[in-house]
Amino acid sequence: MSSESILSVLTEDLLVRINDKLNDELDRKTWRLVCKEFLRVESLARKTLRVLRVEYLSVLLRKYSNIDTLDLSVCPCIDDGMVSLLLSGESEGWALWKLKSLNLGRATGLKFSAMEMLIRACPFLERLDVSYCCGFGDREAAAISCAGGLRELKMDKCLGVSDVGLAKIAVRCGRLERLSLKWCMEISDLGIDLLCKKCPELKHLDVSYLKVTSESLRSIASLPKLEVLAMVACPLVDDFGLQFLENACPLLQEIDVSRCDCLSSSSLISVIRGHSGLRQISAAYCFSELSPAVLHYLKDLKNMSTIIINGACVSDTVFMTMSRYCRSLAEIGLSKCIGVTNMGIIQLVSGCINLKILSLICCHSITDAAISAIADSCRNLVCLKLESCNMITEKGVEQLGSHCSLLEELDVTDCSGINDRGLECLSRCSRLVCLKLGLCANISDKGLFYIASDCSKLHELDLYRTGIGDDGLAALSSGCKKLKKLNLSYCNNITDRGIKLLGYLEELSDVELRGLGKITSVGLTAFAAKCKTLADLDLKHCWNIDDKGFWALAYYSQNLRQINLSYCNISDMALCMMMGNLTRLQDAKLVLLKNVTVAGFELALRACCVRIKKVKLNASLRFMLTEEILGILHARGCIIRWD
Amino acid sequence: MDKKDRLCQETWAKSSSSGNELPKNISTEKPSFINFNFNSQQYEQKWEDTSIFGSRTNSSFQEFNPQSETQSLLPSNPNDHIKMADQENSQINETLQTNKIPDWDPRAMLNNLSFLEQKIHQLQDLVHLIVGRRGQVLGRPDELVTQQQQLVTADLTSIIVQLISTAGSLLPSVKHTLSATTTPVGQLGGILFPSGTGMNNSVQQQHSSGSKVSDQSNQMDVTGNCGTEQNYSIEEHEMKDEEDAEEGENLPPGSYEILQLEKEEILAPHTHFCTICGKGFKRDANLRMHMRGHGDEYKTPAALAKPNKEASSEPVLIKRYSCPFTGCKRNKDHKKFQPLKTILCVKNHYKRTHCDKSYTCSRCNTKKFSVIADLKTHEKHCGKDKWLCSCGTTFSRKDKLFGHIALFQGHTPAIPPDETKGPAGPSDKGDENEVANKVGSINYSFGSGGANGTGAQNVMDVKGGVDDPASYFSPLNFDTCNFG
Numbered sequence: 001m002s003s004e005s006i007l008s009v010l011t012e013d014l015l016v017r018i019n020d021k022l023n024d025e026l027d028r029k030t031w032r033l034v035c036k037e038f039l040r041v042e043s044l045a046r047k048t049l050r051v052l053r054v055e056y057l058s059v060l061l062r063k064y065s066n067i068d069t070l071d072l073s074v075c076p077c078i079d080d081g082m083v084s085l086l087l088s089g090e091s092e093g094w095a096l097w098k099l100k101s102l103n104l105g106r107a108t109g110l111k112f113s114a115m116e117m118l119i120r121a122c123p124f125l126e127r128l129d130v131s132y133c134c135g136f137g138d139r140e141a142a143a144i145s146c147a148g149g150l151r152e153l154k155m156d157k158c159l160g161v162s163d164v165g166l167a168k169i170a171v172r173c174g175r176l177e178r179l180s181l182k183w184c185m186e187i188s189d190l191g192i193d194l195l196c197k198k199c200p201e202l203k204h205l206d207v208s209y210l211k212v213t214s215e216s217l218r219s220i221a222s223l224p225k226l227e228v229l230a231m232v233a234c235p236l237v238d239d240f241g242l243q244f245l246e247n248a249c250p251l252l253q254e255i256d257v258s259r260c261d262c263l264s265s266s267s268l269i270s271v272i273r274g275h276s277g278l279r280q281i282s283a284a285y286c287f288s289e290l291s292p293a294v295l296h297y298l299k300d301l302k303n304m305s306t307i308i309i310n311g312a313c314v315s316d317t318v319f320m321t322m323s324r325y326c327r328s329l330a331e332i333g334l335s336k337c338i339g340v341t342n343m344g345i346i347q348l349v350s351g352c353i354n355l356k357i358l359s360l361i362c363c364h365s366i367t368d369a370a371i372s373a374i375a376d377s378c379r380n381l382v383c384l385k386l387e388s389c390n391m392i393t394e395k396g397v398e399q400l401g402s403h404c405s406l407l408e409e410l411d412v413t414d415c416s417g418i419n420d421r422g423l424e425c426l427s428r429c430s431r432l433v434c435l436k437l438g439l440c441a442n443i444s445d446k447g448l449f450y451i452a453s454d455c456s457k458l459h460e461l462d463l464y465r466t467g468i469g470d471d472g473l474a475a476l477s478s479g480c481k482k483l484k485k486l487n488l489s490y491c492n493n494i495t496d497r498g499i500k501l502l503g504y505l506e507e508l509s510d511v512e513l514r515g516l517g518k519i520t521s522v523g524l525t526a527f528a529a530k531c532k533t534l535a536d537l538d539l540k541h542c543w544n545i546d547d548k549g550f551w552a553l554a555y556y557s558q559n560l561r562q563i564n565l566s567y568c569n570i571s572d573m574a575l576c577m578m579m580g581n582l583t584r585l586q587d588a589k590l591v592l593l594k595n596v597t598v599a600g601f602e603l604a605l606r607a608c609c610v611r612i613k614k615v616k617l618n619a620s621l622r623f624m625l626t627e628e629i630l631g632i633l634h635a636r637g638c639i640i641r642w643d
Numbered sequence: 001m002d003k004k005d006r007l008c009q010e011t012w013a014k015s016s017s018s019g020n021e022l023p024k025n026i027s028t029e030k031p032s033f034i035n036f037n038f039n040s041q042q043y044e045q046k047w048e049d050t051s052i053f054g055s056r057t058n059s060s061f062q063e064f065n066p067q068s069e070t071q072s073l074l075p076s077n078p079n080d081h082i083k084m085a086d087q088e089n090s091q092i093n094e095t096l097q098t099n100k101i102p103d104w105d106p107r108a109m110l111n112n113l114s115f116l117e118q119k120i121h122q123l124q125d126l127v128h129l130i131v132g133r134r135g136q137v138l139g140r141p142d143e144l145v146t147q148q149q150q151l152v153t154a155d156l157t158s159i160i161v162q163l164i165s166t167a168g169s170l171l172p173s174v175k176h177t178l179s180a181t182t183t184p185v186g187q188l189g190g191i192l193f194p195s196g197t198g199m200n201n202s203v204q205q206q207h208s209s210g211s212k213v214s215d216q217s218n219q220m221d222v223t224g225n226c227g228t229e230q231n232y233s234i235e236e237h238e239m240k241d242e243e244d245a246e247e248g249e250n251l252p253p254g255s256y257e258i259l260q261l262e263k264e265e266i267l268a269p270h271t272h273f274c275t276i277c278g279k280g281f282k283r284d285a286n287l288r289m290h291m292r293g294h295g296d297e298y299k300t301p302a303a304l305a306k307p308n309k310e311a312s313s314e315p316v317l318i319k320r321y322s323c324p325f326t327g328c329k330r331n332k333d334h335k336k337f338q339p340l341k342t343i344l345c346v347k348n349h350y351k352r353t354h355c356d357k358s359y360t361c362s363r364c365n366t367k368k369f370s371v372i373a374d375l376k377t378h379e380k381h382c383g384k385d386k387w388l389c390s391c392g393t394t395f396s397r398k399d400k401l402f403g404h405i406a407l408f409q410g411h412t413p414a415i416p417p418d419e420t421k422g423p424a425g426p427s428d429k430g431d432e433n434e435v436a437n438k439v440g441s442i443n444y445s446f447g448s449g450g451a452n453g454t455g456a457q458n459v460m461d462v463k464g465g466v467d468d469p470a471s472y473f474s475p476l477n478f479d480t481c482n483f484g
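Protein chains in written order, with the UniProt record's numbering: chain Y, 1 to 643; chain A, 1 to 484.
It should be emphasised that the hints constitute simulated quantities derived from the structure, not laboratory data. It should be emphasised that the depicted structure is a prediction, and the values quoted were computed from it without experimental measurement. A virtual CB, placed ideally from N, CA and C, is assigned to each residue, including glycine. Incorrect hints may appear among the rest.
Subject to a maximum C-alpha distance of 30 Å in a straight line, what follows is the list of computed BS3-like cross-link-like pairs (lysine-lysine) [unchecked claim]:
| hint | chain 1 | residue 1 | chain 2 | residue 2 |
| --- | --- | --- | --- | --- |
| 1 | A | K386 | A | K400 |
| 2 | A | K386 | Y | K197 |
| 3 | Y | K47 | Y | K100 |
| 4 | Y | K182 | A | K386 |
| 5 | Y | K111 | A | K386 |
| 6 | A | K357 | Y | K182 |
| 7 | A | K299 | Y | K197 |
| 8 | A | K335 | Y | K182 |
| 9 | Y | K197 | A | K398 |
| 10 | Y | K182 | Y | K211 |
| 11 | Y | K225 | A | K398 |
| 12 | Y | K225 | A | K400 |
Residues of chain Y clear of chain A, computed beta-carbon distances all greater than 12 Å [claimed, not checked]:
| hint | residue |
| --- | --- |
| 13 | I6 |
| 14 | K168 |
| 15 | A230 |
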């Protein structure tokens, strides 16, 4: 009676508008479960779909026929057979027909013929992601090029794609605006040159890790609309190459020349001179010294917001120039910079008060004075990375806690000055999402209790090699309900009780439990039975867990995607069971399993060969496994790492 | 007797003093001769024309023929139009006749002989007639006798010409023996001695100092000229090869000697060629032995021992070569004749341009060559020539392919079929679709056609794919079937 009245008040368009406000996936799930009407509205209004299991793909596509974005990157078994099955159904085809964005990341089982069929089934495709399809080559690139309307293409680590494949795409997808070619190692200057000639609309281009030379920069300079250029680790590009950009690409906003060994800091001058609209410069581990002359040119860049010069040699004058000229800076990366002093930082933050992200990783001489200045000046600070800043004590952290209320991410890994009192102060940063406390030997359950009680938004917590015990986990499991990622490796005090409590964290998906010698099958079983969302589990060196625990994992943790079982006491049977039963498993590290025989490995690999994408095995197995299974794995695009 | 002598003298005097008379008479006589041959009205008319011009242009008649050789080389020779027209007329006649001769044909020979037989009979009758009349008409013998004599002379001349030409058709088979003794041009020209050529030749033979040989070569030129118009298209297909490299040479015509080897000579498997007559030999030693026949200077022990005989000899006239193929740009009768530099050039040019490509590459089984060296060059790169464009053009270098692709809209590099990965059907078909029509880009279910495509490399397969009904799924069709 009452439900009827609610529905009569809430018209469909109102329901749709409410539905649109629900951003969190879990909230949407709750919404769906309310009633059939809500479910119907949700399915009609839904635009994006991230499929976890191939079994449900057809059903989901039929149900959500209005989607324009389909993400299959975490879905195993995306292969030729699946595609032809998918395309044989009419309603699935209809859903694909309207698709604008498709993510096929890590779809290593897909071959060019099926790829082409799939691409042709999506005539309005604008965005495509085939990153980490390591086996992809020119044929697959040719298949991709059938999507003539493509505007955005990510093909990171498609290792086989050469200039020929790129030429196919460049010629046929002339409207490309964003293209990422990271790690497509076969591509050379010729391909880039043709790309730049055929795709004049390019705005974002990533040529990181390619063996391109300055000649490519000459070609890239001809792109009239280029806004973002990433060329990380292009060791063959020199200063001469960057000079091509000086009077070209008028819309250039971001440039990343990190780890380009042949560049000197003066090469940046030519880029800066020509582009007053530059917003972001990344030049990490690029030049040994940042000359003040470069910074002098920075004063012309009114929109400058990000400078990343990790690994550079800096002096106080650099910071002085920065604070004077780059007042709008929002992000500064000074990781591993040599010459970062308290004075320098104090200088810097006196000018750059709008800083949101600051990285001072491994700036060992930083002390509380600098932290206080940062906390005092940069009230908008969101992310602060202080890994290995050993001189920082609770006083500095106290300043952060009292001033930086907007802080969301804090990395104090290996800061031995952080103690329970420091954590108490930090807990005032209630917006914290990510907290890294690894190697902080002086924190205990008591400190964690403060964090757990106040930082309810925490998504990620790193407690690697800390003295945390079961009590701390008890606090976490009750306080940080949003926790998704937890690292408890080598926290040797943790026992089955603590692990059992982790089961109460409903959203937990990534858990590292390396080297926890005290946990047994009992704890793991209880945890697995409760934690349905577990996707990534590291049990390396958990030598006290026996087959019962692994049976439980195989039975309960159906969402498990990655697992590390190295050095575990798992038997042939349990391994086969796990590998066969975990239908989402894509990455397994199976090194030094002393109870598993070669036949056991063979069977386990056969059980999972259709979906596994990456497996790490002992090198000795290389010649003991049959050619057949290795052949199958290879044909499926599975990468085997021989340890 | 006196009278007779006088008459005789008069005729000779007349004919020698005033050349005017003779051609006129000959040309008036011609119709009967031609009639006999072809019974064609057209020819009669044409020869009538010639007779008209003949009287007018007579003064230049003798120089006209010797000139014709240079004329064929230089079309802009300042001759008056009448002469040109005249020449053209005769050209047509002559080509028609000569075209039948070049190859030794027993039937043609028989025709010629029977024609000669008839001709001789006719002449015999004529002489009989004259003998018969001589007694009757004594009153005014001067003119008549002269006429009769001229008539007989003309007929005899034509018979001789006919005989020689008939014998000439046999020459190719015996030319090797001849070549050693006659001059090169003579040897070359002799083969194509036209039957029933105009009287001009035979007349000149008697009156002008021009040798018979040069006359015949004139005839050759005329035929060549005519053929040029017909075979003009051939030179379009001519391969661009090393012979073109010499185009910049620009030797003035006449500053070099033109040699023209015959087809058989060119295609003979010889590697050593006589620089004087062009005869080819398999061994240099044989050539040197042959050279002895060209004069005593080649008989010295030094010349016989040393292959390097040019070093000592006097400055030789530059030699250039002509392709025997009528109408070829490399043929000396072509308007824009470009001579070939060496005999090797002649050989390669002739084989590449005018011969079948009989050497097939054993690797790709598609490329064919007529020169074995070309095949070997190709085989060196065959297979390495892997840079293929969707338009079918191949490139030996990647950057050349990419330059090509950058230049042309819609061209993409073709992916070579991969033996290990199985059929390359779909992707190749995609290429064709893209280039041919845009149907492919909006296909709904292309796959059914694409999946069974077996290594669809050739165009036929590709076309088949396009015709596949599955690939004609237009967006419109799809819309209607879904929205009802």
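Taking the hints in turn, this is what the structure says about them:
1. A:K386 with A:K400: The hint holds at about 12 Å.
2. A:K386 with Y:K197: Given that 30 Å is the threshold and the Cα spacing comes to 23 Å, the pair holds.
3. Y:K47 with Y:K100: 10 Å, holds
4. Y:K182 with A:K386: With Cα atoms ~26 Å apart, Y:K182 and A:K386 stay inside 30 Å; holds.
5. Y:K111 with A:K386: It holds: about 23 Å lies between the C-alpha atoms, which stays within 30 Å.
6. A:K357 with Y:K182: 49 Å, violated
7. A:K299 with Y:K197: 70 Å, violated
8. A:K335 with Y:K182: The given pair, whose Cα atoms are some 62 Å apart, is violated under the 30 Å limit.
9. Y:K197 with A:K398: 16 Å, holds
10. Y:K182 with Y:K211: Distance ~11 Å between Y:K182 and Y:K211 Cα, so the pair holds.
11. Y:K225 with A:K398: 28 Å, holds
12. Y:K225 with A:K400: Holds. Y:K225 to A:K400 sits at ~27 Å (cutoff 30 Å).
13. I6: Given a closest Cβ separation of 34 Å, the condition holds.
14. K168: 5 Å, violated
15. A230: 23 Å, holds
Taken one by one, the earlier hints fail for this structure at numbers 6, 7, 8 and 14, listed in ascending order.
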